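Asker: Sequence:
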Amino acid sequence: MLWLGFLGLVATPFGLFCAVLLDRRLRLSRFYQSALYMPVVLSLAVVGFIAQLVYSSDYGVLNAVTGLGVDWLGDSSINIWVVMVAAGWRHVGYVMIIYLAGLKAVDPALKEAAAIDGADERQAFFRVVFPTLRPVNVIVLVITVIEALRAFDIVYAINKGRNGLELLSVLVTENIVGEASRIGFGSAIAVILLVISMGFIVVYLSQMFREER
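Residue numbering for the sequence shown is -14 to 198, as defined by this note's numbering.
In case anyone wonders, no lab produced these hints; they're calculated from the structure. These numbers come from a predicted model, not from an experiment. Glycine residues also receive a C-beta, built at the ideal position from the N, C-alpha and C atoms. If a hint is listed, it holds; no wrong ones were tucked in.
Each computed DMTMM-like pair below joins lysine to aspartate or glutamate, with the alpha-carbon atoms no more than 25 Å apart:
(1) K145 to D56
(2) K145 to D60
(3) K89 to D102
(4) K145 to D43
(5) K89 to D105
(6) K89 to D8
(7) K96 to E106
(8) K96 to D8
(9) K89 to E106
Label-pair restraints from in silico Cβ distances:
(10) E151 to L190: 27 to 33 Å
(11) A90 to S61: 41 to 47 Å
(12) S62 to S172: 29 to 35 Å
(13) D43 to R112: 47 to 53 Å
(14) S172 to S28: 21 to 27 Å
(15) S62 to S19: 32 to 38 Å
(16) M193 to L47: 38 to 44 Å
(17) V31 to G103: 44 to 50 Å
(18) I131 to I168: 22 to 28 Å
Given only the sequences and the hints, what does the whole structure look like? Please build it.
Answerer: See the structure below:
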């Protein structure tokens, strides 16, 4: 729930914010798009290794720059948060490119009509542009949920999903193929993951079929 909440309430809105800024055709916007999208081409396992280079208490860049001696990845009370920041770094670029494509498809006449009616940029976005992005919002919602539920690679690359990073996907692996060999318990967790994922996937498919009709 923490993972889903962070991606849905922090990373996704920030990706939308970046898309809105880039849609204004800022100077060097192509460079910013490439820089923000670059983490998306990396697997979560690679992002996990990068997180180790940043957060490690021995050789991490963060401690070296700030002079702190915090064990970011070893302290179970804070490691979940710093790892979510690393995962959010990748998720922001993914959301940004989807919303940017959606914003490019918005009819400019809608913005012009809102401006003629006296709406400022903020009002035009939230009352005119954002409602037209409903199909995109559904896609982003489904992607965010799936990304949160399948976040296995990054925590396993850091500490094999232990000491505060026991995600459901990690528990499935640990119980089915791990030393515990609790196949029934691991299978039950896998069913829970499937049911949660299917709920959002059904919403997405319903939206797509409704648009086709």
